[in-house]
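S.K.: Could you put the whole structure together from the sequences, leaning on the hints where they help?
Going line by line, the protein sequences match chains A and B. When we follow my numbering, the leftmost residue of the first sequence carries the number 1, and every step to the right adds one. When we follow my numbering, the leftmost residue of the second sequence carries the number 1, and every step to the right adds one.
No lab work stands behind these hints, which were simulated from the structure alone. Glycine included, C-beta positions come from ideal geometry on N, C-alpha and C. Heads up, a few of these hints could be off.
FRET-style restraints, in silico, Cβ to Cβ [as the list claims (entries may be wrong)]:
no., chain 1, residue 1, chain 2, residue 2, range
1, B, R22, A, S9, 28 to 34 angstroms
2, A, G41, B, R64, 23 to 29 angstroms
3, A, S9, B, S87, 17 to 23 angstroms
When the alpha-carbon atoms are kept at most 25 angstroms apart in a straight line, the in silico DSS-like pairs for lysine-lysine are as follows [as the list claims (entries may be wrong)]:
no., chain 1, residue 1, chain 2, residue 2
4, A, K57, B, K78
5, B, K17, B, K78
6, A, K111, A, K71
7, A, K42, B, K11
8, A, K71, A, K57
9, A, K111, A, K22
Here are a few chain B residues that face chain A, going by a calculated C-beta distance under 7 angstroms [claimed, not checked]:
no., residue
10, G28
11, P43
12, G85
13, A88
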Amino acid sequence: GENVEQHPSTLSVQEGDSAVIKCTYSDSASNYFPWYKQELGKGPQLIIDIRSNVGEKKDQRIAVTLNKTAKHFSLHITETQPEDSAVYFCAASMRSNNDMRFGAGTRLTVKP
Amino acid sequence: GAGVSQTPSNKVTEKGKYVELRCDPISGHTALYWYRQSLGQGPEFLIYFQGTGAADDSGLPNDRFFAVRPEGSVSTLKIQRTERGDSAVYLCASRRGTSNSPLHFGNGTRLTVT
Numbered sequence: 001g002e003n004v005e006q007h008p009s010t011l012s013v014q015e016g017d018s019a020v021i022k023c024t025y026s027d028s029a030s031n032y033f034p035w036y037k038q039e040l041g042k043g044p045q046l047i048i049d050i051r052s053n054v055g056e057k058k059d060q061r062i063a064v065t066l067n068k069t070a071k072h073f074s075l076h077i078t079e080t081q082p083e084d085s086a087v088y089f090c091a092a093s094m095r096s097n098n099d100m101r102f103g104a105g106t107r108l109t110v111k112p
Numbered sequence: 001g002a003g004v005s006q007t008p009s010n011k012v013t014e015k016g017k018y019v020e021l022r023c024d025p026i027s028g029h030t031a032l033y034w035y036r037q038s039l040g041q042g043p044e045f046l047i048y049f050q051g052t053g054a055a056d057d058s059g060l061p062n063d064r065f066f067a068v069r070p071e072g073s074v075s076t077l078k079i080q081r082t083e084r085g086d087s088a089v090y091l092c093a094s095r096r097g098t099s100n101s102p103l104h105f106g107n108g109t110r111l112t113v114t
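M.R.: Here it is as structure tokens:
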């Protein structure tokens, strides 16, 4: 089955700086890669996603890049704000079985 | 519109007891997933339904865990003879049913086995 690895496990940045979180996946059949933000006591919330037919997607301060050859994808947050502090998860999903597997998460802290 | 609803939000039970956790997915979502999340970890896949049938139950840890979705909407995760190691947040998610659409999560049920 699919295996998703995520790093770093913790990340601390100064307000206004950029943050980058990286994930790798094992199954080349994976075709959908969402990113989720989870705040304390809540379920994960989708923040951005990318499909395997594109290499980059941007939504305001958030962008995701995908390298299918290397089987890795990254989340980029620019101009970070304290409210960006949360745990972020990457995931990968395959068309063949509708499965979705998650990385272990990155705890992002944005210091004011 | 209404999101995924999970009840109860918290459940405390004694070791050896039986528990049921309920999930109401978003209306019209044919696919429903259960995950388990331990502190500091990512969601761990348990089972996935497409309609009424369990399409993949490979993540259920053992035969004490069982889930149903009899009418293709609400799902119940059932845990028999609970153990302290079952303590975790149980997350439910639904999606439209296509593999390249996002999962929408509920806020989870925090299960504590004493």
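S.K.: If a hint holds in the structure, say so; if it does not, say that too.
M.R.: Evaluated hints:
Taking the beta carbon of each, B:R22 and A:S9 are about 32 angstroms apart, inside 28 to 34 angstroms as hinted. Judged by the Cβ atoms, the range 23 to 29 angstroms given for A:G41 and B:R64 holds: they are separated by roughly 27 angstroms. At roughly 22 angstroms, the beta-carbon separation of A:S9 and B:S87 lies within the given 17 to 23 angstroms, and the hint holds. Proximity of A:K57 to B:K78 is assessed by CA-CA distance (about 40 angstroms); at most 25 angstroms being required, the pair is judged violated.
Only pairs whose Cα atoms come within 25 angstroms are accepted, and B:K17 paired with B:K78 is accepted, the gap being roughly 11 angstroms. For the hint pairing A:K111 with A:K71, the CA-to-CA distance comes to about 32 angstroms; that exceeds 25 angstroms, so the pair is violated. A hinted pair counts as satisfied when its Cα atoms are at most 25 angstroms apart, and A:K42 with B:K11 qualifies at roughly 16 angstroms. A threshold of 25 angstroms between alpha carbons decides the hint, and for A:K71 with A:K57 the separation of about 16 angstroms falls inside it, so the pair holds.
A C-alpha spacing of about 21 angstroms is found between A:K111 and A:K22, which places the hinted pair at or below 25 angstroms, so the restraint holds. Interface hint status for B:G28: violated, as the beta-carbon distance to the closest one in chain A is roughly 16 angstroms, over 7 angstroms. For B:P43, the shortest C-beta to C-beta distance to chain A is roughly 5 angstroms, which falls under 7 angstroms, so the interface hint holds. The beta carbon of B:G85 is not positioned within 7 angstroms of any beta carbon in chain A (closest approach about 19 angstroms), and the interface hint is therefore violated.
Given hint, B:A88 at the interface with chain A, is violated; its Cβ is 14 angstroms from that chain's nearest Cβ, farther than 7 angstroms.
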